[in-house]
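Protein sequences, first through last, are from chains A and B. Counting from 1, position 138 in the first sequence corresponds to residue 138 in UniProt numbering; the numbering is continuous, with no gaps. Counting from 1, position 106 in the second sequence corresponds to residue 106 in UniProt numbering; the numbering is continuous, with no gaps.
To be clear, the hints were calculated from the coordinates, so they are not data collected in a lab. Any given hint could be a false lead.
[Unchecked claim] Each computed SDA-like pair below joins lysine to any residue, with the alpha-carbon atoms no more than 20 Å apart:
no., chain 1, residue 1, chain 2, residue 2
1, B, Lys16, A, Gly363
2, B, Lys136, B, Ala91
3, B, Lys120, A, Val24
4, B, Lys126, A, Glu130
5, B, Lys136, B, Glu41
Note that the structure is a prediction, hence the values are computed from the model and not measured.
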Amino acid sequence: MTTATSPLDVDAVRADFAILGRTVRDGKRLVYLDSGATSQRPRQVLDAERAFLEQHNSAVHRGAHQLAEEATDAYEDARARIAAFVGAEPGELVFTKNATEGINLVAYAMGNAASSGPEAARFVLGPGDEIVVTEMEHHANLVPWQQLAQRTGATLRWFGVTDDGRLNLSELDSLVTERTKVVAFTHQSNVLGTVNPVDALVARARAVGALTVLDACQSVPHSAVDFPALGVDFAVFSSHKMLGPYGLGVLYGRRELLETMPPFLTGGSMIEMVEMAKSTFAPPPQRFEAGTPMTSQAVALAAAVDYLSVLGMDRVAEHEHELTVATLRGLAEIPGIRVLGPTLDATGEVAARGGAVSFVVEGIHPHDAGQVLDDQGIAVRVGHHCAWPLHRRLRVPASVRASFYIYNDLADVDAFLAGVRATQAFFGAV
Amino acid sequence: MQLQQMYQEIILDHYKNPHGRGLRDPFDAESFQVNPTCGDEVTLRVKLDGATVADVSYEGQGCSISQASTSVLTDLVVGKPVAEAFTKLDAFVELMQGRGKVEPDEDVLEDGIAFAGVAKYPARVKCALLGWMAFKDAVARAEGVTT
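Turn these sequences into a full structure, and let the hints steer you where they fit.
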């Protein structure tokens, strides 16, 4: 690799994504800048799911016929490959319907702890206990904790966000205290792109005996992430944001925690022994996977992980960083643009920032700006991006978000910047 | 370019110079409506005089479509009998939910016909209806108070 060229062969990557070949809005090239919402799927992932269904499909962890064996092997092999991708052991990975369910699983398990055995004592919450989140959370890592606080009588507290879109860590020692039972925070903001200092938050949480829950939905698809190295207790990420299918989320939990945590959803597949009046539960991860699991989806996510691993997550991160810097530089040259989140410093660089660029155009509502971009074939996200409190904090009703992935290139950035100027021309001229 | 079909001059005029904007007293009922997908919101008050819409006043934040459609609403319903206002409301809802296939009646909807192009963009229909849903809700509350 030379540093003079792009870290990725984007043309080769794009050839794997059939959807990028279609046109939108009367024949315009599709400029897909909404991977923060959902990524596109390469042929290799679609082929893997089809191959499983055509060759090995059967219900896993039940039945003794050959297909049942093959399907179970494929499912567990997928778990092992996905676990390795985030540095975890296979038994530390639980498949859920989506990342939101993964967070709810932990929150509900904690809510169930009071009526479980003594082994679950460390998950019990009650009045006087505190849950700490941040003001930049996606609703998925906020509302479940609000609800848990409401059910248990615990108190919800949160880190504020600075004007430049970073966590206000001056509050670390006063917010995370002996009363804190859980610290839940995002690894990388889906709006600001901000990469949070996991080390500092984990160190403080550990010092006071609090559990950490990391929302890694926007980090795992875009950079090399190793959960055990980060030291978090729990983490979630989402298949469809990393080239995989819908309907599948992943919950990581440290083994010793999963072994003592009570279940959330109960029923088939998650039991050890069932009698009419009571049941005992299977060891993790099965304890947390009630019902028939998302088998072909897990197989396809493993193929997505393989695809990303071949590219190399460091190169993926480097590629997106180049696009992000080019975008921030371009936006800085357009008058009337306010970028939410970290911007370029005097040297033209920015650290601890991922590839989500949200902004507002002075005098133009984000919905209207998004409409003009769409008219040119540019797909961006408009609205509050499921982070309403963050937008309120930054005193904007909504924003426009461009987010990048492996199949975007500098031509996309140029089209986007031209589109933003066209937005101003369209509304400024009338 | 499809964009001009959506952003008709009439819509942009109402957006830049909204009619009837600002919350006024007296009023019989108030409705707060929000579009949860984008955070656009409107607070709208209705004053009835018997069976007539005496005044509609509002405040809100949102895109050009939501703000302009609320401005057009006030032109269409203030001074009209409630029944006629609801006929217009029904016609506007039908137009917006018609996916661009409903031919609007200018006698009924006046400037409201400019929103026909918006109906082709399903994601924006809720924007256009935000103020109208607030009006419907506020009238229902006002009638609940007076009866």
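**Given pair status - Ala91(B), Lys136(B), alpha carbons within 20 Å** = Answer holds: Lys136(B) to Ala91(B) is near 13 Å, not above 20 Å.
**Asked** Within 20 Å, alpha carbon to alpha carbon, are Lys136(B) and Glu41(B)?
**Response** 15 Å, holds
**Prompt:** Given the proposed pairing of Lys126(B) with Glu130(A), does the C-alpha separation stay at or below 20 Å?
**Reply:** 39 Å, violated
**Request:** Starting from Lys120(B), check that the Cα of Val24(A) is at most 20 Å away, please.
**Result:** 15 Å, holds
**Asked** Does Lys16(B) pair with Gly363(A) here, judged by a C-alpha cut-off of 20 Å?
**Response** 10 Å, holds
Of the numbered hints given earlier, the model fails hint 4 alone.
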